Structures are given as structure tokens and as C-alpha cells.
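*Asks:* This is what each chain is made of:
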Amino acid sequence: MRIAIASGKGGTGKTTLAVSLALALAETHPVELVDCDVEEPNDHIFLSPTIRERKPVEVLVPEVDREACLSCGACAKACRYGALVVIGRKVFFHYELCHSCGLCRMICPTQAIREVPRTIGWIERGEGKGLPFLQGVLNVGEPRATPVIRALKEMTDPKRLTILDSPPGTGCPMVETVKGADYVILVTEPTPFGLHDLQAALAVTEALGVPAGVVVSKWGVGTDHVERFCAEKGLPILLRIPWDQAIARAYANGIPLVEALPEWREPLRQLFQDILLAHGGSGNG
Amino acid sequence: MVELVVISGKGGTGKTTVVGALASLANEKVLADCDVDAANLHLLLRPKIEEKIPYEGSELAQIEKNKCLGCGKCAEACRFGAIVSEDGVYRVDPLSCEGCGVCLQVCPAGAVSLRPRLSGWVYVSRTAYGPLVHGELLPGEENTGKLVTAVKMRARAMAKDAGAKWLFVDGAPGIGCPVIASLSGANAVLIVTEPSLSALHDLKRAAELARHFRAKISVVINKADLAPNLVEKIEKEASEEGLPIIGHIPYDEAVIRAQALGRPVVEYDSGPAAQAIRSLWEKLAAWIGL
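Heads up: the protein sequence lines correspond to chains X and S, in order.
Here the first sequence is numbered in my numbering, starting from 1 and rising by one per residue.
Here the second sequence is numbered in my numbering, starting from 1001 and rising by one per residue.
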């Protein structure tokens, strides 16, 4: 079973929830935690994992053989992303625009284009605090997070309960993380920004056909807009985590919630039971 | 003109709160919300939309059923897993299709075509604080970076036409394509961070990215009183990296109360956060050399 933890707005508590839910369930279930926020991965700060395996994530990009190239411009004309431009007799390649589709190689009349791997990030596997752990790290300056997330998802263990910590937003990296999950927990805060971005995230999860429930963090400050919206929509609120200096302090210092405040173990286990009831599954496979 | 882009690495550190306040404090400015997949600036600035421009960032493949031979060559060639077959009938999954056209190239029956897809909207609005350009990405659409570029190009053109002194850009979290698109062409970058190990980790990656561009970079620490030990750590590491810290904003519930009313915090009260942002604005203008 795969549970994704997402949010439209950043800084709502995805990492806090993902790390502590995984730790709380690890005592009773085979769990693995996967940090899909490859632009800014933070789960490792809370787990201090021992990394046992590290492998590059490669995408294919074109390389032009200048001898064989006729400068005909067919590749540039075909590329829908504008990644290839012919100026004079030379082909210029803008890798940041390339989607690695392979069309340029197919199009070239003289087979002057071959595809070569380019490393855009890394997958790391290990364990921390007894928890199997996977994370992706995008190289700084690389624009495309999705190939790293796709590679991460391929390395997950289908026999385990997989908790996927999603990047914020509703763009391609979030879509890639949530796609194929059995359930998504949308974490939000009780503010107008939180509500607005919850609505945007929910529109995506609905388009993906993944059932969703809500966790409200920093509960007690702000407004009741989120509560009213969830009631109207019939969207379950799985948990409310109050605004609490002790929780904020643990987060700031990189200590998992269930370690600093063990009384949170039980509510997190209950949250998982509520998801299982909604999902109708056993939690395995 | 100063093009100031506000980023953070980590989400939820207070980018929009800061940009909303700068919108209220500065004169002669244009505003752009480049966090198009979770745009919030309009909630503070209450814009009147004057122009709504469709954004077609990519194309979408479609298969004509009566021409399709069912050979599966398109599914084999597609690198995005966007061609799905159900009982031998092939169709395109719009959530996976990136509009590259490989399927069209390999189809022996001419059954595939590409059509423009509506991926979002660019809005040009008027606010009490000056013109605002913002975007909206439709659910599940790709190419956020291109929409950010469309928003920014429009805002930049408007700022130049109006002879504005400032273009304030509210960026997205992370360091991927939307952030890279929002940084392109900036001459000043403000990184909003908060005192946590996560935010510090993310600040360093955001700063490393910002250094790829020719811009002055400075840092402001939000919610600075929540973890004084980490403020010290951030100050130390920022100074080692040559990043000036030009402000500290304390945690203040007035920020949330102002947000609930849809107002920049500096117009809500003159409490600790509002005061700190006013002094940040003075330092910012001096730091940039105005």
C-alpha cells in the first residue's frame, strides 16, 4: 500500500507527519519512508540515516556528431520544447528545455544524433532509527525533478507500506508523487492561504482518482475556513495537530514529533486505521 | 529597475507575507506572483482582474480510433508511459503526455495528432498597490516553468512601460524549474528563511542556485524568536557563505489575522512583525543602493 503525504502550500507539516507516521507504524508494520521532495529533501534531517546505496539518476540527452550533421534543421524543427536550435552550421542544445523524448534522434536524416546519459540527481537508500529509507536529491541547477521521483518510485518495495513525502505545490513533481498512490493525506493549516492551496491540491488528487483525507496542522491559530470547507465537501479530517511551541521546537531542531512527544504515537496509529477503513485494505501489498 | 525575486527553498517560510508587505511599502512598482501552482499573493492584494490570457504551454496527443491499427508502436516509443491500452484499444493519458510528438512520428497509420492544450491562465490585474500579474495552473498540468516565464515576461514589460522602479516577484518553493524560471533575469534575490534545521538546509541549496544568476543575494530570518539557538546557527553559516542577513522578523499572530482579512500585515497593525518588515524594507532599499 502506498500513502502519499502532500499539500498545496509549503511548510504545513508534511515532513513532520511523514517521518512520525512512518516511525509510529514501523513497530507493527513493514514500513518504508520515501522522501520525494527531491528539490529540498528534509526527512534525512530527522532520521540521520546510514546511506548504504547511492546511484545516479540519468536522463538521455542528444549529442550531435558534427561530422555527420548536415545542419538541415530537421531536429530543431521537430523538437516541441525548443531545446535544439540551428545557428549557421551549428546545432545548439539547451538541456534545461529538453524532455528526453528521443524525437530528435528519430528525425535526423543522417543519424548524426545519439543519446547520451546525463546525471541530474541521486537516489540514496539506507535506514535511520530502524526505518528503511529512500530519498532522491536533485542536483542544484537541474530543472526537472520528475525523473528523479519516477526513479525513486521504481525502487520502492511493493511488499511494504510505503509512505511518500511529496514536494509542495500542485505541479509536475507533486503529480508524479501522488500518481498511483492508494491514498493521499493533504496537510494544511487553518489560514486563507492554507485553504486556497488545499483546494488546488484536492483538484489534482481528484483528477488522479486518489482518495484523500486532511490533516490540519497549527490548529487553533487562524480561521475555521478549512474546517467548513472539509465539512461541505465531506472530506474527512483525519487529525488536528495544534500549534504548540514544543512541537515547533522539536521540528526546528530536527527531532521527530513521536520522539519528542511520544503521546503522538497513538493518534498516528489511529489515523492509519481510519485510512484502512476508508481504503478497505489490509495495509499490505 | 530592480527586479527582486523572493524565494526560500523550504515552503511556508513567509515569502508571500513579505512580498505583500513590500507591495504596500514601496512606490512605483509592479508585482508578479510566480508561485503559479499555489498562488496566494492575490489573497492579500485583492486584485481586480482586467485581462485573462489563456496559457497553452504544450500540446496533447490524441489517437483517432477508426484509424488506429492497434500495433502498439506508439506505446513502445513513448518515454512517458502516456499511451495506455485497454482491451487492445489505445488512448492517451493526458496526465502523463508531455506533447513531444514521438507517437505521431512512429504511427504507421497517421492516427495520431497533436492539439494545443489549455494548461492555465495568465491574469493581468489592478490592485490598490499597483499592477499585479499572476498565473493559474490547471489541475494536473505540466510546464509550470513556462507559465512562470509567461507571467514574468508580461510583468517585466509592464514595469518597463510604466517606468517602474521595482518589480517584486513572489517565487515558488524548491529549486526546480519554476524557481529557475523566476530567477532568470533577476538582479536581486531575497531568501526568506526560518530558524529550523530544515529551512537552513534548504536555504543553502536555494542560495547555491541563486548564485548561478547575476544577482545580489540577501537573507531575512522570519519567526526569528521561535528558536534563538538556530538563528545563531543560520547567522554563522550565512556569514561563512557570504550571505548578508538584512532582517529578523519575529513570530506574530498578527500575520495570520491580517491574512484572514486579506491585507498586508503592515497595514493591519504596527506590531512586532509589521515593524520588523518596515525596517527590512529600509535596509533592503539601502542594500540595493537606492
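In short, the hints are calculated from the structure, not lab data.
In this text, all values refer to a predicted model and were calculated from it rather than measured experimentally.
Backbone N, C-alpha and C fix where the C-beta goes; we use that ideal spot for every residue, glycine too.
Check each hint, because a few of them may be wrong.
Straight-line Cα separation of at most 20 angstroms, SDA-like style, residue types lysine to any residue; simulated pairs [to be verified]: (1) Lys77(X) to Gln1105(S); (2) Lys1204(S) to Val140(X); (3) Lys1204(S) to Ile45(X); (4) Lys1160(S) to Gly1185(S); (5) Lys1236(S) to His1248(S); (6) Lys77(X) to Glu1059(S); (7) Lys77(X) to Gly1185(S); (8) Lys1048(S) to Lys55(X); (9) Lys1204(S) to Lys153(X); (10) Lys1073(S) to Gly102(X); (11) Lys90(X) to Trp122(X); (12) Lys153(X) to Lys1165(S); (13) Lys1216(S) to His196(X); (14) Lys1204(S) to Gly102(X); (15) Lys1204(S) to Glu1240(S); (16) Lys1233(S) to Ala250(X); (17) Lys77(X) to Glu58(X); (18) Lys77(X) to Gly1057(S); (19) Lys1165(S) to Pro1139(S); (20) Lys1204(S) to Asn253(X); (21) Lys1204(S) to Lys233(X); (22) Lys77(X) to Tyr1268(S); (23) Lys233(X) to His1248(S); (24) Lys153(X) to Lys1216(S); (25) Lys153(X) to Leu1095(S).
Now the stretches of chain S that chain X is said to cover, found in silico as 3 or more residues with beta-carbon under 8 angstroms [stated by the list, open to error]: (26) 1006-1012; (27) 1156-1165; (28) 1226-1235; (29) 1246-1259; (30) 1269-1275.
*Asks:* I'd like to know which numbered hints this structure contradicts. Please list them from smallest to largest.
*Replies:* 7, 8, 9, 11, 12, 13, 14, 17, 19, 21, 22, 23, 24, 27 and 30
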